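K.L.:
Here the protein sequences line up with chains A and B, keeping their order.
In case it helps, my numbering puts the first sequence at residues 1 to 156.
In case it helps, my numbering puts the second sequence at residues 157 to 364.
I should point out that these hints are in silico values taken from the structure, not numbers from a laboratory.
No incorrect hints appear here.
Derived Cβ-Cβ restraints for the label pairs, each shown as a range:
1) B:A295 x A:S25: 25 to 33 angstroms
2) A:R64 x B:E362: 57 to 65 angstroms
3) A:R21 x B:E190: 46 to 54 angstroms
4) B:D255 x A:S56: 23 to 31 angstroms
5) A:E18 x B:Q230: 40 to 48 angstroms
6) B:G193 x A:T61: 16 to 24 angstroms
7) A:R21 x B:N251: 30 to 38 angstroms
Negatives, chain A to chain B, calculated, CB over 12 angstroms:
8) I71
9) V89
10) S107
Here the structure is a predicted model, which means the values were calculated and not measured.
Every residue, glycine too, gets a C-beta built ideally from N, C-alpha and C.
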Amino acid sequence: MERSRNNEFDKLNLTEQELDRMLESEAGNQVRNFVRSMPEEPVSMAWRSELNQKLSAHIRTQERKRRFAWIVSPALGLGLAGALAFVFVFKGPSIVGSPPVTAVKESKLEEKLVASIEDNLRNYDMTGVGLSPDEVVSRRTTQTTYDIIEAGFDSL
Amino acid sequence: MELCIGATSLSSGNQTDHAKELAIVEACRRKDYEAFGKLLDAYQNRVFGFVRRMVPNAEEAADITQEVFIRAFQNFHRFDARSSVRTWLFRIAYNLCVDRARKVDRSPTEVSLQGTVEIDETFDVPDGRWQPDQLAIDAEIAAAIDVAISTMSEKLKTVLLLHDKEDLPYDEIAELVGVPVGTVKSRLFLARAHLQQHLRNYLRAEVS
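Based on the provided sequences and hints, a complete structural model is requested.
P.N.:
Right under this line is the structure:
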């Protein structure tokens, strides 16, 4: 690009001073005056009217866009804030991860309760109503001792 | 605040006019439709004149000129006031003309440099402002100049119109077109030489 520009300038074989001198010469100024005196072609009223309509349409569109943005942007902001609030307030703990711990604890408690009830039932089955397992054990032990003492000396 | 601005006052270098222009520019930045109307009044004919000579089709030229002002109105907030509003408008117009030329893909007629670089010859064209017959001659010469300009390449035409018709300085034209100042001068020289050659041929034909 630069090369073509230089070539364009070099074609004339003139220095810039010579070029300036020729552009300011009488002949150069005469051509300039010719060009300057060319009549201007005015635009028509219809053209101006059409342009005014286009500009008005542009202004209306801009105004509509501005109003739309004015309404929509706070609504969007509120919606986003609401959604974030919902997530943090209602769904927040599940994100943190604490609920599984309580769930585990609850399940262990249940298991312990069930195990304890099952133990009790088993004990009742073994011992019958009215006696505690400890009583049964201590009674059995004392009974045996007694039996041995009772039967021991005579039978031997 | 009264802003009575016309084409001449806006384009002159007077300080008061400059202040008025700045006031109008500020109002236009705020999308003041009335202020923009004043700007339109001041420049619509000049911009149309430029575009009309850059684009052969009158209807297309009118459409492009409308597009110039619509874009100016849309983008006034981007106008940094480093150059004048006039230069800015002509820059938009020039860019649109270039875009249009690219779309049409019509290669511009290149001007032969052979035999046209001698620009020292002057013409004897008397001042015919108060003589009806001379006015007719002037109109004919103006038509001949228009024909000569229409046969120029876009590069030469742009520089000739912006400098000789619109009085833009070399540096602003260079910035607008995107070439060095020296190139602007050489193009102007070639454009004038082409015009002179064309007029010489026209006058010879008239005499014969």
